[in-house]
Amino acid sequence: MPTYQLNINGESRSIEVSEDTPVLWVLRDHLNLVGTKYGCGIALCGSCTIHLDGIAVRSCALTMAQVEGKSITTIEGLSEDGNHPVQEAWKEVDVPQCGYCQTGQIMTASAFLKENPNPTEAEIKDAMQGNICRCASYTRIYKAVEIAANKLA
Amino acid sequence: MKTSSLAGGGLLIGFNLFNSCKPNAKPPIDLAKLNYNDFNAFIQIADNGAVTIFSPNPEIGQGVKTSMPMIIAEELDVAWKDVYVKQGILDTNNYTRQVAGGSQSIRFGWDPLRETGATTRQMLINAAAVRWGVDPSECTTDEGVISNAAGETLGYGEVVNEAAALEIPEEFTLKDVKDYKIIGTDAANVDIDKIITGEPLFGLDYKTEGMVIASVMRPPAFGQKLESYDDSASKAIDGVIEVLRFGDKIAVLAKDTWSAMKGKKALKAEWKADSKLESSEDHDKLMLGLLNGNKFETLRADGNVKKAFEQADQVLERTYESPFLPHNCLEPMNFYANVTAEKIHLVGPIQTPERTAKHIAEMLERDFKEVHLEMTRMGGGFGRRLYGDFAIEAAEISNLARKPVKVVFSRDDDMADGIYRPAIKYRIKAAVKDGKVTGYHLKEAAINSNMYGLIPNFFPAGAIENYQVDVARYQSNITTGAWRAPYTNFLAFAEQSFFDELAEMMEVDKIQLRLDLLQKVKGSTDERIQYSPERMEKVIKKAVEKSGWGTKPEGVYQGFVNYYCHNSHVAEVADVVMENGNPVVKKITCVVDCGIVINPLGALNQIEGGVIDGVGHSMYGDFTFQNGVPQATNFDKYRLIRMKEAPIVETHLMKNEFSPTGLGEPTLPPAGGAIANAFKAATGKRLYKQPFSKYPELLKGPKKEIIG
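Taken in order, these protein sequences are the chains called A and B.
Here the numbering used here is used: the first residue of the first sequence is 237, the next is one more, and so on.
Here the numbering used here is used: the first residue of the second sequence is 337, the next is one more, and so on.
No farther apart than 20 Å at their CA atoms in a straight line, the calculated lysine to any residue pairs in the SDA-like style are these:
#1 B:980 x A:378
#2 B:980 x A:366
#3 B:878 x B:986
#4 A:327 x B:529
#5 A:361 x B:976
#6 A:327 x B:417
#7 B:923 x A:357
#8 B:530 x A:316
Calculated directly from the structure, the hints in this document are not laboratory data.
Whole structure, please, built from the sequences with the hints as guidance.
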């Protein structure tokens, strides 16, 4: 099995894993970073969202070859103490019901706001449309992204 | 073990450590070793007064892990900020009804949880009183501090050990609603810090040393049995440890999830049909046949509906049709089991821990006492996790493999092997004579099982003299079961859009029609009636007021629904506008009477979620079968509502002092009818089948715009 050099949350890691293993499962099973979630495996629910060189990507659809040499940020590395403005906004609004989709939502939102710090309502909704919340906390997710945008402005 | 029973409730609570001991009794465990002092199964109090409260019920996102401890904390009289909440394990000695289902956690927990808090507080007072040599009646508490008449104080932490040795008092005082400091205030989700930083919380996150992952192959079609299989390719995959058969299923055990899933994909299996492989066209024909026939079981019959129809001036009869629905909890089914000679260790997401643990013990011919079950936080339940099939699989496999095993379903496994909301068709017929509704006949044709016995006693039972509810079913090999607000999740749409159409036929005001019917139920001595006409009337009037019903500008179309289920009364008004020739739901005004609201912040999340869930499934949820094979198994073919389609939900909670009732389910059923009625106002067309988006010709605006 090949060995890959990864840069995860600022740390260098060396992983030996079969080349078809999606990054999602490398994170969850091999690196014990379970904050990134599995929901569908075909990049349609957004639960597995991480940052690759700062861009939000669905880790269930990424192979190791595609991430080697790039910088990966997972929810565990988004902030020191859960104090990223998006996370703080999440607390202010008390967003979660079951909580399962939330790390994916936060990762999508944080990458989006870095790229577009002053979004319109339509732009926020477009950006978040790829993340399913089965409990339908959509109103609160939206509000939190809006508040985070204001914090970052 | 001493237990206390409630007056009028019949529910028991156990205190696990101290039986009716006299003062000076030696506690059976070394409290010095504990940082927190074990007071009883629910409460631990540290020397510095910090409190740990155990939440007994499984948490599926409905918020009981926050609200149940709030109730205890209120009567215990501690500050909520001083409380740390932990999830309770399955413990049938000390907790009752550890179930997440039926929207009953708060309703059933209301009395026992208050009693737990209040009795504990009384014991702390009694201990302080002993120390001071005063009468307990002279003492008061305020957020964890006991005071006596002389003004001396003791913190709870200073007397907790003495208190725990005392007898549990028979008498205790409960607070008045007006004195609540915690109940009725906004409390953040107790797990929010862990949720937003990705700490392990869910069953899928659970890990132990030596654990293997099991990916299970189950029959691809309902009605099939396993004939033979070839696991040579599976076993050759790196990471795959073993492959074993159990019943008609094959488990691939691997070191990690991806290898297990690959191992399963590499399996070759032959299946044979053991019973009919069914298709949706068959189901439709069968159910319509049942509705058209005369073989029904009558659940309720008042008066004589047949005569009412014969004598009617007008009759309205309509048929409403719904599909199967998968639950699609975002966290797919999974469960951990480690069956050893000493014990059965179970960990995972389960809405019915006791029933599942007992089933597993029975299956393995072990003593229930040997089962140790920890409930993880769940990535959604919606009723799917009431059924412990996945936990039973894990236990079976662990027992066979003699290893700790976690069964993990892929999304395809999860959607294909569901315990679905059954497909159901309703036929509703009403008779009108002299401007009054004189007859109402509801018929249900369902797959596998029919509406539970309370439903025939919901509205409009008691309001119409000749009233009948008949049910029929077709026994299918497709597994079906409870799905958020069972039966009512579709019946509410059928019934309330029927009333919408009925009002139009009768040329009466839609709201007045409901109010007039409810008038008839007031003062009824019929003990079977489940809903309160007074509470429903208030909810309707509030919804009319808050939604601006009848006052909207041109271009804003509204649909109204009022519904009672799971003990709560709800009214919803949907606002729809036309955009590019299609009706779009912009807002839903939701009025809820669930009695005393424990945590308004959590309540609103439940309410909004229920409404949007109802909108989403009635708009998009479609699930069909071809020869027993589900036609969708992932989100490429199955649509869930997303942010752009979610309407704004504006909620109004009725303020009263009725005992609290549930919120997990009640706001979902009315949503489909509210939007359907609004669509009718906007397009002139009625929807009779779900999902609505399947009938785009019905979701188009009128061809001609009337100007002037």
